[in-house]
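J.: Two chains, each in its own frame: build the complex with the hints.
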Amino acid sequence: MQWETVIGLEVHVQLATRSKIFSGASTAFGAEPNSQACAVDLGMPGVLPVLNEAAVAMAVQFGLGIHAEIPEISVFDRKNYFYPDLPKGYQTSQMYHPIVGPGEVEITLEDGGTKAVRVHHAHLEEDAGKSLHEDFHGMTGIDLNRAGTPLLEIVSEPDMRSAREAAAYLKAIHSIVTYLGISDGNMAEGSMRCDVNVSVRPRGQEAFGTRAEIKNVNSFRFVERAIEYEVERQIELLEDGGEVVQETRLFDPEADETRSMRTKEQANDYRYFPCPDLLPVVLDQAYVDHLRETLPELPAAKRARFQEGLGLSAYDAGVLSASRAMAEFFEQVRDVCGDAKQAANWVQGELSGALNREGLPIEDSPVSARQLGELIARVIDGTINGKAAKQVFQALWHGEGSSADEVIEAKGLKQVTDTGAIEAMIDQVIADSPAQVAQYRDAEPDKRGKMIGYFVGQVMKASRGTANPQQVNALLKEKLDALC
Amino acid sequence: MHDKTLTELAAGLAAGEFSSRELTESLLARIERHDGDLNSFITVTPEQALAAADAADGARGEAGPLAGVPLALKDIFCTTGVKTSAGSRMLDNFVAPYDATVVEKLKAAGTVSLGKTNMDEFAMGSSNENSFYGPVKNPWDGSAVPGGSSGGSAAAVAAGLVPAAMGTDTGGSIRQPAAFCGITGLKPTYGRVSRYGIIAYASSLDQAGPMARTAEDCARLLGAIAGHDPRDSTSVARGVPDYTEELAAPLSGLKIGLPTEYFGEGLDPDVERAVREAIRVYESLGATVREVSLPHTHYAIPAYYVIAPAEASSNLARYDGVRFGHRCDAPADLTDLYKRSRAEGFGEEVQRRILMGTHTLSEGFFDAYYKKAQQVRRLIRQDFLDAFDEFDVLMGPASPTPAFDLGAKKDPVSMYLQDIYTIAINLAGIPGISVPAGFVGGRPVGLQILGTHFAEARLLNVAHQFQQATDWHLRRPALAEETL
Chain L
1 MQWETVIGLE
11 VHVQLATRSK
21 IFSGASTAFG
31 AEPNSQACAV
41 DLGMPGVLPV
51 LNEAAVAMAV
61 QFGLGIHAEI
71 PEISVFDRKN
81 YFYPDLPKGY
91 QTSQMYHPIV
101 GPGEVEITLE
111 DGGTKAVRVH
121 HAHLEEDAGK
131 SLHEDFHGMT
141 GIDLNRAGTP
151 LLEIVSEPDM
161 RSAREAAAYL
171 KAIHSIVTYL
181 GISDGNMAEG
191 SMRCDVNVSV
201 RPRGQEAFGT
211 RAEIKNVNSF
221 RFVERAIEYE
231 VERQIELLED
241 GGEVVQETRL
251 FDPEADETRS
261 MRTKEQANDY
271 RYFPCPDLLP
281 VVLDQAYVDH
291 LRETLPELPA
301 AKRARFQEGL
311 GLSAYDAGVL
321 SASRAMAEFF
331 EQVRDVCGDA
341 KQAANWVQGE
351 LSGALNREGL
361 PIEDSPVSAR
371 QLGELIARVI
381 DGTINGKAAK
391 QVFQALWHGE
401 GSSADEVIEA
411 KGLKQVTDTG
421 AIEAMIDQVI
431 ADSPAQVAQY
441 RDAEPDKRGK
451 MIGYFVGQVM
461 KASRGTANPQ
471 QVNALLKEKL
481 DALC
Chain U
1 MHDKTLTELA
11 AGLAAGEFSS
21 RELTESLLAR
31 IERHDGDLNS
41 FITVTPEQAL
51 AAADAADGAR
61 GEAGPLAGVP
71 LALKDIFCTT
81 GVKTSAGSRM
91 LDNFVAPYDA
101 TVVEKLKAAG
111 TVSLGKTNMD
121 EFAMGSSNEN
131 SFYGPVKNPW
141 DGSAVPGGSS
151 GGSAAAVAAG
161 LVPAAMGTDT
171 GGSIRQPAAF
181 CGITGLKPTY
191 GRVSRYGIIA
201 YASSLDQAGP
211 MARTAEDCAR
221 LLGAIAGHDP
231 RDSTSVARGV
241 PDYTEELAAP
251 LSGLKIGLPT
261 EYFGEGLDPD
271 VERAVREAIR
281 VYESLGATVR
291 EVSLPHTHYA
301 IPAYYVIAPA
311 EASSNLARYD
321 GVRFGHRCDA
331 PADLTDLYKR
341 SRAEGFGEEV
351 QRRILMGTHT
361 LSEGFFDAYY
371 KKAQQVRRLI
381 RQDFLDAFDE
391 FDVLMGPASP
401 TPAFDLGAKK
411 DPVSMYLQDI
421 YTIAINLAGI
431 PGISVPAGFV
441 GGRPVGLQIL
451 GTHFAEARLL
461 NVAHQFQQAT
471 DWHLRRPALA
481 EETL
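From first to last, the protein sequence lines stand for chains L and U. Heads up: the first sequence at position 149 corresponds to 149 in my numbering, and the numbers run straight through without jumps. Heads up: the second sequence at position 143 corresponds to 143 in my numbering, and the numbers run straight through without jumps.
Honestly, the hints are just simulated from the structure, not real lab data. We treat Cβ as the ideally placed atom computed from N, Cα and C, and that holds for glycine. Accuracy of the hints is not assured; some may be wrong.
Said to hold, decoys possible - Derived, one-sided and incomplete: chain U residues facing chain L with beta-carbon distance under 10 Å: (1) Ala100; (2) Ile198; (3) Ser203; (4) Thr234; (5) Gly325; (6) Leu337.
Claimed, not checked - Calculated cross-link-like contacts (lysine-lysine; reagent style BS3-like; alpha-carbon spacing at most 25 Å): (7) U/Lys339 x L/Lys79; (8) U/Lys372 x L/Lys79; (9) L/Lys461 x L/Lys479; (10) L/Lys477 x L/Lys450; (11) U/Lys339 x L/Lys130; (12) L/Lys79 x U/Lys371.
Isolated chain U, as found in the complex (with noise of 0.2 Å):
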């Protein structure tokens, strides 16, 4: 059953094929088998994910489509009475009194989590070796990273442990690791996923959305968690659509916009030659390509550097020892309380961010960094709305390299660098979704489709009928075609 689709094991358990029991011990029985070497989950909950199974099969009938799925949820989702860590041990003994909103609608919908899937700790990093739980290994290659920071989401559907997994996505950490694990990765307009009870990091940044093996899964997941929430303030009012119903849409007369900027130095040649390959299916389809510049982009990274780190600063500010998360031992005043728990506490990565942030809030600094980080973040938003005002959307790779080995990008720069095609896209607040468009060396490549504020519904059109003319999000690592 692992290798059906989620939009597949709906139906079967909509048709009465197998039920959610069934389902959810099959699928908790290769977690027990497989994770261990994976190392996708810090928390597997099996006596929840059965009651939520059992509950789903004795709702069959009158329960909504997604009623006994199951999925896992990336360790930032605060959910009641399970540890929620955000793969740092600041927060190793954090159980929350409260679900996220994005929780509460999937176990609204019927869903069944297994577990809470491993994380760049706090969501800093594109390679998932920031977790206090250690590194997830790739499922393609166990010598790969799985991309971060939700590569243990995105190892967990490769591997088939799970059909579908949440994410969050800031500078690129959905669709990123989605390229690097071979499924499909959706990060949703800002606004559009209420981030209440999602664990801060750069919340004018910070997006949830679905992983899963195709469009359509993701599609159906995005009409489950999406939506306004009085809650979240940032989320947007605005009614949300079948996102399926769109996805057989034909794409003759599609115009596809390539940013030359996404296509220059530092582009792996054979990644760029899988994701023009993809370009040329869609052409067969009956869409239009031609180049278009976004001629700010290469201040995306800088400006991403100054604003995320300056709100994490501040967000990460109450994990202090005073009253929850970790607490140093016998701290002997005040000062040495905060100043050791939170040493201890946090990783060296999240340690370097806040202090980045706290110094380009600085006074004297502010104007310097913060609001011009600001100002250039209007110019790539402005890039973006006016290449939308010709291109139905854009593609390019998710990232410049497939899965790169774990240890091998020991200089933070240059693992900054990995998001650069994707930054720019959580500036400017538009959706894009990364599809399996190849691969390299073994490893996947990711094709990445982006498109203005809130047209979800035409991106997973998009990306769907590539996964009806192509088989890339049908290949699986070896592990996953191994049944038990």
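With the rest of the complex left out, here is chain L (with noise of 0.2 Å):
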């Protein structure tokens, strides 16, 4: 039977704001366990929340990232269940009135083409405690550290058919929300962590087959693992006549498996009810339309005015879309070179290796935006040439030298174009290699052409490099052709 898989994902997000989402208390990576809980973090009793607005901003600006409706009235619900790392009994969260409504995510598929996955809702919630196991002999500590953070949970409709979709839309929704700034998209911190609920039918059937929900998945990575593994173990299953059970999983990254966690049967009733602490959010048009005008430019538009306006390929558009600090480096090597699809290749050539062999984000490059935009202008305007540019780059990345000009002064890699030094350099190569004049010659003169690039090399070899290439290439062949 020909099986198709069906995914939703429920991707949290931690918002990059620097207090809690209902507490002044810092929201600080790495702290001393509990020293960034304060009695609101901690439910002491009496103890309110207040909501921390730029919470509320920053899930508005995503959901006009993502094209959502965004409901005037939104409700905080408690969802109530009891864990020890849950500090009042229930996590403030939104059930029935979140902050965003339906909107849709733009992914880019393997042969180029895109797709639009849905977006069902986002809301805002508070996250939990942390329980540590390993740390207290026969004994469980408490960390509140994380207790109140706030947390984006952005909920797809189950649009995606494939592991690799899965992971697209997972990498769509990061680059959206680090666009926007609104979290760091850590992944390893947890600053980005999802949920995958995987499912497979009968190609061609309607109905959807019982799905397994995969718990705290957090690498694009791991979220295709964990959906091949799935779907794998569902399709044996049901072919050996077996049934999915609607459950909860564990993805294990060491054995490269899901592993049940607890079935439905088990699951807890959360009995929401709206917050009584809080007051419904109310969001006027003018502070939507004000969160709407601020907005930066997102990758799916970046992409396609890199195509359309730019002119470049969709690959070098998606490559160069995928985040926002490779798209701004990009847009500023452009503005000071003034050719984009130059700047392209440099910043996805030559810069994107070094930075790959040394393991640097872009943010981190030796090599500035304004260094690499002024060494591509020197090959545009002939000062250099090609061969030479890669020098200048090796020089400026290794810091001998603040810009492109100072690195070719300093080395004398300015490009000879002067026709006479150029010809006295020919002369003397011609002069020293009768032998391959005398091949050149002989040959018939529709196999001269390859031939030719042996006194090139040597005319450049002359030159340390600096000769113009396309000057050689043809005061050779008229000089060589004047010899037949």
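T.: Structural data, given as structure tokens:
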């Protein structure tokens, strides 16, 4: 039987507010346990939550970024359950009236095409604390630093049909939230994690199969692997005449498999009800409009502009718009050198290669966008040739000189375009290579083109790489042909 | 000095007739002598009181109008460094590291807290028999209850141990004990006084207010505690008027509505007689009186006993034995820790309401109970708003009977019916005041006066004018007559 995979994602994004969603405590990562939890985060008797407006603004920005409806009124609800790292015995979340309504995220497929994945809604909620089982012999420690950290939970429709699509969706969300600056998107620190709902159904069948939920997957790669494993497991199960049970599963990256955590029968009844300590959030149109105006250009728009406005290929546009830092770097290089294609080539070629080798993010590039732009400009205006340009780049990368011009000057890489000087070098090479000249002369005219390479190489060598290759080519051809 | 009102004491302190230390010492001595029988205090804080009194004496001249005035706080207001138990074994060891906003404001006004008063556990009760610290006795008759849940505050004021005390009112817990003990108790509009630092029972209904001998005293205290608090999102950003300014306004032309439903079946005929007598006093002062119907009144108790327990079940989830409060000995595992800590820490009535609330919020019952109750609540509120289109105030009994005997009401539902005339006011969020209006069998009767949202100044004026024309509020139980 032919099977079709159906995937929906719930992505938890930690918002980059300075303080928590309902208290003034800091949200900085990595502090001493329980040093960033105030009375509100600890759920002490009598204390009350106060909504952090920055979290609201960020959620709305995300909504606008995915072209979602922003309802005028959203309401916080309490999700009640007992767990030691849940201080109040409930999590404040949004169940019935979320802050972001239905929207859409565009993902790029492998064939370069795009697909729209629908977002059902996104809601604000507070994170819980963390249970520490390792450090306490036979006991569990509780760290509430994370309790009250603002999360935006983005719930997709079951629109994805492969592990690749799911990973592409996750990447698209990552790209949007980091473009907006509303999350650092750091998956290793848990700033972004997702629950994956996976089911399979016979191709052509309308009804969904029974789904399993894989909890807390925290990397693009793991999402793909978890889904691939799960899809295979479900198909095998069904083909063996078994049944998929609705359950929560965990992905174990070590074993590269998913494991059952709990079945639906044991599921909690969360007893949601509107939180009486918080007023409904009312967003007036002016506020939403203001946020809309301050929205940066987002990846999809940027990709389209790179392609249509700057004439880049779909691939180049996709790579260069994938992260805001990359796009900003590229645009600055382009502004300085004035040539989008050259800028794209250099950023994706020489620069990305060097960054990858050193494992550096583009934000930490030793060669600045201005330096690279100036370097490319020198290639375009003929001051240096391509070969010299690579030397200049290496010199800048290693901090030898503060600008392309300085390196060109210091290393004497300026291209020789003086016809007389080039002609002199050519004459010398012809004089020093009688055997090659004879071969050239004896060759069929249509084979001569290939043979000219040797002479070009000699001339370039003689000029220490600074002769203009086009001029060398043309003059050589002229002079050699004159000898035939 | 104990027979003076707060207003008189404040004047005496201002005039230098006596010092705050003298006053505080004399009241502490009265507590020492009488509270063994009454049990109106859970914690007496002589050291802090005397230090505050000395500070007030030292600042005399620059200090505000309440500087040096002694009072007491229901043990539901968190106080830095002093146990705040909410009448529960669960919090028998709880010392808050913060002051409730009400406490902060009273401190800032220079008042001197003598201690924390007894109360029904987590403010759940109508008789003050549900306290972990034992029942409070009614100063008028030691065999009677003082009313609940602010019974300790009411008894302490009635017995002349303090001139005033703070209470909270979720379904009548200021007005009913005020009525039973023959004092004046005001429940302000929901949102008028901050709930920050008040141990939550039912967040959408809880409201703090003053309990004192006279409406004038209540006016002074309300002025000190009212106002917007950025730490409580449900507190209302609205200026605080001088509540004493309107006290003297004449009542001619006042339109009084008598809700038919408050004079029906179940009302003790002697209580009715006393209340109607009081209303005749108003007519003699120039008011007009007419009946009005509040047709949804009979739904108030069922709606309340859905909403309040639902919120309570969630608010009390934080008492789980994990972070603070009572923890059972040697728990076998996490579930055992939760179960036994909560079973041991909570009394019977609290457990009953948690279970009711958990049930009504459960999947499948939420719509039938909680949602329906909220719809009823809106209808009840609308009844009042319609009535206030026509009338300045509504009047009726605060309770269907005078204080009943300790142990008389074994069945929880008959206890719940005690609040039949007070509960709807909390559901509607409007203010209400109970003033002494006679006696039945030597036990006080309270007249309840209701106003529309934020009509506290008018209520206090209407109550004050009654107290200018009558002397019920000046009567003292034998205990309070006794001087040291």
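J.: Look at each hint and say if it fits the structure.
T.: Checked hints:
no., hint, result
1, Ala100, "holds, 6 Å"
2, Ile198, "holds, 5 Å"
3, Ser203, "holds, 4 Å"
4, Thr234, "holds, 6 Å"
5, Gly325, "holds, 8 Å"
6, Leu337, "holds, 9 Å"
7, U/Lys339 x L/Lys79, "holds, 20 Å"
8, U/Lys372 x L/Lys79, "holds, 20 Å"
9, L/Lys461 x L/Lys479, "holds, 18 Å"
10, L/Lys477 x L/Lys450, "holds, 11 Å"
11, U/Lys339 x L/Lys130, "holds, 22 Å"
12, L/Lys79 x U/Lys371, "holds, 16 Å"
Violation of the numbered hints given earlier is absent; every hint is satisfied by the structure.
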